[in-house]
Amino acid sequence: MASKLALTGTALVAALSAAALVSCSSSTDGRPVCPGCGTNAEPTMPTVRPPVDTPTALPSPPGPSTPSAPGGETLPTDAQGYVFVETKSGKTRCQLNTESVGCESEFENSPEVDGAPANGVRVNSSGDLQWILGNLGDIPTVTLDYRTYNAAGWTIAADPSGTRFTNEATGHGMFVAVEGVRAF
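According to mature numbering (1 follows the signal peptide of the UniProt record, and there is no 0), the stretch in the sequence shown is residues -20 to -1, 1 to 164, in order.
No lab work stands behind these hints, which were simulated from the structure alone. It cannot be assumed that every hint is accurate.
Said to hold, decoys possible - Taking lysine to any residue pairs in the SDA-like style, the calculated list, with each CA pair at most 20 Å apart, reads: (1) Lys71 with Asn89; (2) Lys68 with Pro140; (3) Lys71 with Trp111; (4) Lys71 with Gly151; (5) Lys71 with Gly100; (6) Lys68 with His152; (7) Lys71 with Pro91; (8) Lys71 with Thr123; (9) Lys68 with Pro91; (10) Lys71 with Ser106; (11) Lys68 with Gly117; (12) Lys71 with Asp108.
Nothing here was measured: the structure is a model prediction, and the numbers come from that model.
Turn these sequences into a full structure, and let the hints guide you.
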């Protein structure tokens, strides 16, 4: 009797499984239709994009907020009276105020200061030059193009050979390049 019961149990499980498979499946008679799609292609949907207006002319940039000095563009000072600049090459950075200009660079053939090659140079409005060790830190520089600027009473003339800082009141200053510095 146990074998008959086991056989009946197995038959019952098989019958229930077959019924479950039949009730879980469904099919729809017919064939899919997609006009112009071919046999195995998916239908395409139109992509809606907003229209793109192409401007006929770019607006002209606004004029300078402060008039330029005769020598060139005027660079504004910060709240402490400083202007921070960097050469186009990125090799020299300088800070200016009305009294002096100080520049930092990896100068070739600079004199030693406290046993190390000087990486800074400073000139005052009288033309007195001093080599120093220093680091200007993370200053908010304006990158100079090869042209003339005015800042804090100094005229800055930048070109590929170096940068010339001239005090507008005294005519003294310095020419700075990685290759050397000359006061005048």
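Hint by hint, work out which the structure violates, then give me just those numbers in ascending order. 4, 6, 9, 10, 12
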